[in-house]
Each structure stands twice: as C-alpha cells, then as structure tokens.
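Mind docking chain W on chain B? Use the hints.
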Amino acid sequence: MVSRRAFLQFSGAALAMSAVNKAALAGLPELVTIDNADTQKLLYPETGRPYHPVATLNGWSLPWRMNNGVKEFHLVAEPVRREMAPGMVAHLWGYNGQSPGPTIEVVEGDRVRIFVTNRLPEITSIHWHGQRLPNGMDGVSGLTQPPIEPGKTYVYEFEAKRAGTFMYHPHADEMTQVAMGMMGMWVTHPKNPNSMKVDRDYAFLMSAYDIDPGSYTPRTNTMLEFNLWAFNSRVFPGIAPFVAKQGEKVRIRIGNLTMTNHPIHLHGHEFEVAGTGGGWVPKAARWPEVTTDVGVGQSRAIEFIANELGDWSFHCHKSHHTMNAMGHQVPNMIGVSQRGIAEQFGKLVPDYMQMGETGMAEMVDMAEMMSMPLPENTLPMMAGNGPFGALAMGGMFTTLKVRKDLPKDFYGDPGFYQQPKGTSAYEWAGALPEAPQAPVPAKETPAAVELQVKKPGHEHAGH
Amino acid sequence: MVWQPFVAPFRKAGLAAVVLLAGCATFSHDAGFGEVQNTTQQYIRQKPVWVTTDAQKAQNDEQVQKLLSTSLSVEDAVQIALLNNPRLQADFYELQKAEASMVQAGRLPNPSFSMLYARHDGDYSIEQKLSFNIMALLIAPKASEVEKRYFAATKQAVTQRVLAVANETRRAYYDALAAKQRLHYLEQVKGVSEATSELARRMQAAGNWSALDAARERAFYADTKIELGKAEHQQLVAQEALVRLLGLPNAEKLQLPERLPDLPASQDSLKQVNPDDFSKRLDLQQMRASTDALAQSLGLTKTTRFINVLELGPVRSLDGRRGDPAKKGFEVRFELPIFDWGTARVKRAEAEYMQAVQQVSAAAVDAASEVRTSYDLYRRNYMVAQQYRDEVLPLREKMAQENLLRFNGMLISPFELIADARSQVLSVVSYIDALRDFWVAETQLEQSLIGKPLNQERN
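As given, the protein sequences belong to chains B and W, one line each in that order. In this text, residue positions in the first sequence follow this note's numbering: the first is 1, and each later residue adds one. In this text, residue positions in the second sequence follow this note's numbering: the first is 464, and each later residue adds one.
Isolated chain B, as found in the complex (with noise of 0.2 Å):
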C-alpha cells in the first residue's frame, strides 16, 4: 500500500527531525512512503509522455509531481524494517519506508529534480549509477558535492538522457550504506513507447546481508561471508514470483549491487541480454543463453517468450546463494553413523538430534516435522514448499509461472501449476535395466577410507 502521509507523522522520523523543518520542506512533493514488501500495483503515468510501466519485484515505483515540465521526485534516506521473508525482519537502512528504495521511472529527454532529505544519523548523498549528467549531480560526496547532512535537503536535476535500466545508491560512507541496504532501481524508457515494447517489464536490485542468527541488524564489515543473498532485499520464500500469460514477451531488469556477481539462471526457455547498463544491446549483438553473469556494478535486462507453461525456477546458479543463514563451519557429516553418539550427547543436551549422516534434506524434514526452533528472527537454511514437497531452497531463487490465462494486470500469485496428465516424472516400479557403471581402474586401492563411500540405504557399521 501506498500511503501519503505529512512528512512530520512519518514513522521513524526520529533522527534529525528538528533539523528538518516543515516550512523549509513546504515546496517539496509530498512525501510518499510503502509499508509493505509486496509488489505493488504498476505506476501508469497520469502526466509527462507515456510509457509502459514496471514491475518492481517486492517493491514500487515512486510517483512523481510535475512542476512547469519538470518530474519532482522526493527520496528520504533513513532507517527501516524490512521483512526479508514471513518470519524475518531486518533492521536496514533505505529510502522512504523500504529497502530497497522506490523504482524511479521516467522517459527518455525527461528533466527530473530529485529532493533528497536525510533522516539517517550520518551523512549521505546519492549516485544516479550509468547516468549521462552535468559532474556536479553524480552525487560523490567530497569529489562532485558536499556531503548531505543529517537533517539537510539535497536536490539533484538533470536531464534523463539515454534510455534504459539504472541504480541509485549512497556514495558517502558507501560500503556501510550499502550493506545496510540503501540502493534502488531507476528506469528511463524510451521516448517512443512502442520501442522495445514488452508484454511484462519486471525489475529488481541484488543486495547481500550478513546478519546474526538471533540478531536483526547487518554486519556491515562483512565483506564475502555473507548469509542472506537476497532480490530487492527478499529472499525465499518471501520473493515475488514473476507471472506472464503464455506467449507474452518477458523483460527482466537485473541490477547487482552485492560484493561478488550471480549467474542468474532460468528454467524452460531461451533468453537473451537485450540490455546492460550502457543501454541496448544491438539485436545482432545478442545470444540465446539460459543463464547470465551479472557482474558487481553491472545491470543486465534479459528478454524472453513465455511460451512454456508451467513453474520454472529463476535463481542464481550459485547454489549457496539459494540457501539463508547456514554454519560455514560445519564438516561435512555424510556417511558419519553417530549410533552410541548421539546418545551421549542426549544426557548433556536433552533435545540433542542427530543431523546430517545422510545429507542436509533430512533437516528440513526434521524441521518440518519436529518444527525445530530457531534462534529468533532466523530463517531455516532451507525452507519452501511446493506441491510436491519442500522445496529446500532460501535466497536468491524464485519462480516464473506461465499460465494460459492471465490478467493483464494482474501481478500477484496464480498459484502452483497443475501438471497436464503424463507430463510428471513419476517412480518407476518395474524391473530396472542393468545400468552401466564408470570403468574402475585396475590400480589397487590405496586406502580403506576410499572403500567408505555410502550408498543410500546400506547400514555403515562403524569400524
């Protein structure tokens, strides 16, 4: 829900407000602020030049005011909650009530003035990521401007120059406003709607979290441990699934504001790079692909036909960032009985459950069944569940669900897909053919320890 409130019955106004006063703020745009992680209904413009909206995953696009041919957009920097996932909140920093900020989206030859208030206890500024403009709106604090004060109102102009998928984020005290969250999607569309027009336009930002389990606040000194991989500041099972009607052309704006890059993969079609932050790919430039780097700093916008019906997995294909907070530090249990163990370990911790002999799935089992408690404001590892079982995932991972039938608009959840009869893989009950096994080679074996290896089902006897 959008809500438009008066500036000084803003929630979480505490920091610096004094600083802030009303009539100084009197020939701003209203102050509009999101107190959900929902996706929220797509922003058609009422004035300015046309243009097909976005779809921010998890978020929503700013609305604007026009003032005499110039778009007014006010951003407040300042402290947030952000539920992560049902059962996970993180206490983040972002711009008007969310992290990430609002979607910006405007049209190419645009003129926007963007007011920027501070309500963190710090200073900050903002950066307009891959944006042709004059050197003084590039928002460098100490290089291209004074830093923004706690308190203090910034504006930035210029003109949107080039078309395409850019970011916003602090570049004062960057790697700690970052890391609590502070960043944002800017869309400039073309000025000719019909060019490179798509049935569903979506955008969403990566951001990484390393936050305690038990605790609520980012460890902002992280720098590649980080437990929580996260699209527009979500993770599974709390990402937005992408929805498109069978045949509708998809576009999927990717911006990656993390320490290390993603290879973003999609199930069931083809894409291509149609974009980047530098702006259009020429078309014979692009290659059918199924999964994309998108690199630190860099945007990619991915196009396809969502011609297959179904429930296809989109996620970074680092299969660490589709799991939440986990033990870096745990060994590997595999294949380790703890028969006459887990015993002992029972008379000093009563609730003591043997894990991990046979993988990591069987936690989630355990969890589902025994619902094992957390620490607080912890998300399981691995969590999910679909229609056939746990899905088992946390995240950077979602899903893109093509229907044969889908409203326009609509861009909430059609649920799970019913498989057509036949199409399911199914367990086979009859005789197996004999299958053939990797050659052995004829060397002798060096060590008992590689006789070890388990198969499923065969009791190891310790030895």
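Hints are computed from structural coordinates only; laboratory data are not their basis. Some clues are possibly wrong.
Heads up, simulated PhoX-like pairs for lysine-lysine below, C-alpha to C-alpha not over 20 Å straight-line [stated by the list, open to error]: (1) B:Lys347 to W:Lys529; (2) B:Lys408 to B:Lys249; (3) W:Lys560 to B:Lys347; (4) B:Lys283 to B:Lys249; (5) W:Lys611 to W:Lys560; (6) W:Lys688 to W:Lys653; (7) W:Lys861 to B:Lys347; (8) W:Lys653 to W:Lys529; (9) B:Lys347 to B:Lys249.
Listing some non-contacts, in silico: residues in chain W with all C-beta distances to chain B over 12 Å [what the hints assert, rightly or not]: (10) Leu723; (11) Glu815; (12) Gln822; (13) Ile881; (14) Arg885.
Remember, predicted model here, so these are calculated numbers, not experimental data. Note that the Cβ used here is the ideal one computed from N, Cα and C, for glycine as well.
Below, chain W alone, put in the same frame as chain B:
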C-alpha cells in the same frame, strides 16, 4: 592439632588446681559428662554419648547403624560423630581424670611440699616456689572453690571439643558431598568427551576430517580422563576425612545424598552475628574461669574496680541488613576485676594476675576479629554462590538453549554444541564449589562464635 586449643587452657587451669590441693570433693556419677551434654545442647541438638560400658557400646552401635541406613543428612553425620568419634571418646576421659585429681586433692589433708615438687618440674619450677608462698594464704574452703572452677573449666573444654567435632564433621560432610557432586558432573564431561572423540574418529575414518581435526578432539578427551582421575582422588580424600570423623571403619555404609543443600533463597535468611558478643564463646568463658581461679589461688579478694578487656564503649550493632543505618546496640561487657594489690608482698601475685588479664584481653580481641573475619567470609561466599545461581548459571543455560537453536538450524556443528554444553557443565561445577564454600563458611562462622576457628587445612 585440634586437640591443642583444648589442652593449653586445660593445663593452665590444672596448674592452678594442683597447686591448691584442698577441699573434700567426691566422685560424681558421670564425671560431669551430663553437664557437658547439657551445655552442648544449647548449641546443637545432637547429644554426645560417652561409651563406658558394653551395653552402651551396643546401643551406640545400633544407633549409628540406624543413622547410616538412610541417606545421610548433615545433622545425622554430626550425631554419628558425637556417638562414634574415637578421639572424642578419648577426650571424654579427661573429665574423669580431672575429677579424679580433684577428688584426690580433696582427700589429702596435709599436702606436702615434696609432692608438689614432683608434680611441677620443668617450666613450672618457679610456680612451685610461688605455690609454697601462696599455700600459706589459703584456707580449705577457698581451695575447694578453686577446684570447682578448675573442674568447670575442664567440662567447658570438653564441651568445646564436642562442638568443634560437630563443626568439623559438618565441614567434612559438605566437602565430601561437593566432591561427590563434582565427580558426577566431571563424569558427564568425560562421557560426552569420549563420544565426541569417537565421533571425531568416525569423521576421520569416513574421510570427512583430517587427522589434525580428529586428533584435537581426541586429545581433549585424554585431558578429560586425567582431570576425572584427579577428581576421583579428591572425592576419596574428602570422603575419608568424613569417615574418620564419623569413626567408621570405611566408607562402605556411607550413603551421601546426591546434592549439597540449596543455597538460602536470599540474603535475608542469612545468620546475623554480633562479633562483640562473647556470651557463647566457650574458650573465653573458660579463660575467665581460669582467671578467677588464679585470683582465688593468689588470695586476691579485695576488688577495687573492673576493667573491660575490650574497652568497649557504646557499640554499633551489626545486625540488620547491609545498607541499613547503623543501630545503637546494647553495650557488651566482658569485664574482669582488678584488686587492691596492697603491699609489695603480693607484687608477684599482681604480675601473675595482670598477665592473665592481658591474655584474656588478647584472646577477646582475637575472638572479635575472628568472628568478623568468618562473618565476612560467610556473607561473601553467599554472594558468590548467589551470583552463580542467579546470574552465571541462568546465562549459561540461556547460551546452551541458544546454541541448541543454532544447532537445529545447522548453523553450528555437534562439536561446537557439545563443547559449549561441556563448558556449561564446568560452570555448574564452579557453582558446586561456591555452594560448598558457603556451607563451609557457615560452619566456620558457627565455630568462631563458640571458640577458636577450625584449622584452615582440611582433614
């Protein structure tokens, strides 16, 4: 060692007595043991029994066996010691010896100089000379009075001994219980360390862990076994100390409960003491009795004034809680008479007497200091144990719960979970130690209120 505080004043009193052989006392039916029993009853509810006949022995044994037949409480342990401690039984004969001396002295109409000499060789040869001088001053009723006081002093000394054995037994009981409880937890640690070590071995055998990782866990287990061995010996030492005090042949029949008594719920339930109240301090009472006896023996009769051995003015009462404004308490008096020294003839007597007064004064100052020290230790040990109970253990438990949650989420390994659980157990062990220290401090406080503190070293 423990015998010492009893023997010293006993001999001192004895000196005065044998010097003044006079009077006409007769043997009592129990050599004053009934009086000892009665006095101890003012302090403890257990009764000492002096076993002098076979029938008594049988009855005593039966009672001891009965007390041993169930889980032993601290009070029952004290009762067994008072029935069965062989050293205590030996001490009871001091009563008989003292009474015999007294009666014998009363039956001697004309004590001779030579006999006195025989009784007083060594350090007391000067005393002998003095005794000769004083002899002339004495008349029979006075000598009889001195004998009575001497006998009273002996009874008090035996009473003190009984109470000291009671307190020693309490201390040994708490020590033995704590050592046993400690052992129980260290056995738990050993059990899980063994399991962890085995799991580490399996991890290595499966190829999931290196020899280094496995060796680390197994080395920890080896250390744990050594620690457990030490604790087992400590448990035996503590138990044997108790066995000795109870006069048992061995620990076979000893049934100690599983746990130490709980810590009192709050500081309000702690004992309050006034360190300047000597009314229960038997050793001081005995010294005063000796001083009186000395005055009698020196023929000092004309009291001129009294001196307070502590020179106490209005005292600040120590009862009440910390933080309460100090209350004005009653004035505690511990006074001794000062005599008219008269002529130079009694200069020697004056020296004798005033020396004794100074010694009582020193003992009283020591006593007050001892009580303050034990009282402070008692309260401090309470606070330490309380902190373990109310803060450390709940926090440890919280950590264990949180770790289990992390283990559930596969955020930590079983090795981390168990390592933390082990350290939780070790803080329980620290609490047991603190709880034992509290109960022992209470015993020491009790003892300091009635006599010299128990030896610091444990039996």
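Please check whether the beta-carbon of isoleucine 881 of chain W is more than 12 Å away from every beta-carbon in chain B. Violated: least Cβ distance 6 Å, not greater than 12 Å.
Take the C-alpha atoms of lysine 408 of chain B and lysine 249 of chain B, compute the straight-line distance between them, and say whether it is at most 20 Å. The hint holds at about 12 Å.
Nearest-CB test (12 Å) between chain B and glutamine 822 of chain W: The claim holds: glutamine 822 of chain W sits with its nearest Cβ about 58 Å from chain B, beyond 12 Å.
Straight-line alpha-carbon gap lysine 283 of chain B to lysine 249 of chain B, limit 20 Å: holds (16 Å)
Minimum C-beta separation from leucine 723 of chain W to chain B exceeding 12 Å: can you confirm that? Leucine 723 of chain W is indeed farther than 12 Å from all Cβ atoms of chain B, at 21 Å.
Between lysine 611 of chain W and lysine 560 of chain W, is the straight-line Cα distance small enough, at 20 Å or below? Roughly 14 Å between the alpha carbons, so the hint for lysine 611 of chain W and lysine 560 of chain W holds.
Is it true that the CA of lysine 653 of chain W sits at most 20 Å from the CA of lysine 529 of chain W? It is violated: about 36 Å lies between the C-alpha atoms, which goes past 20 Å.
Hint consistency between lysine 560 of chain W and lysine 347 of chain B [alpha-carbon to alpha-carbon, up to 20 Å]: violated (60 Å)
Are lysine 688 of chain W and lysine 653 of chain W close enough, with their CA atoms no more than 20 Å apart? Distance ~6 Å between lysine 688 of chain W and lysine 653 of chain W Cα, so the pair holds.
Beyond 12 Å on every Cβ pair: is that true for glutamate 815 of chain W relative to chain B? holds (69 Å)
Just to be careful, I want the Cα atoms of lysine 861 of chain W and lysine 347 of chain B compared with a cutoff of 20 Å; is the pair within it? holds (18 Å)
Checking a non-interface call: every C-beta of chain B should be farther than 12 Å from the C-beta of arginine 885 of chain W. Is that right? Its Cβ does come within 12 Å of chain B, the nearest being 7 Å, so this is violated.
When held up to the earlier numbered hints, the structure conflicts with 1, 3, 8, 9, 13, 14 and fits the remainder.
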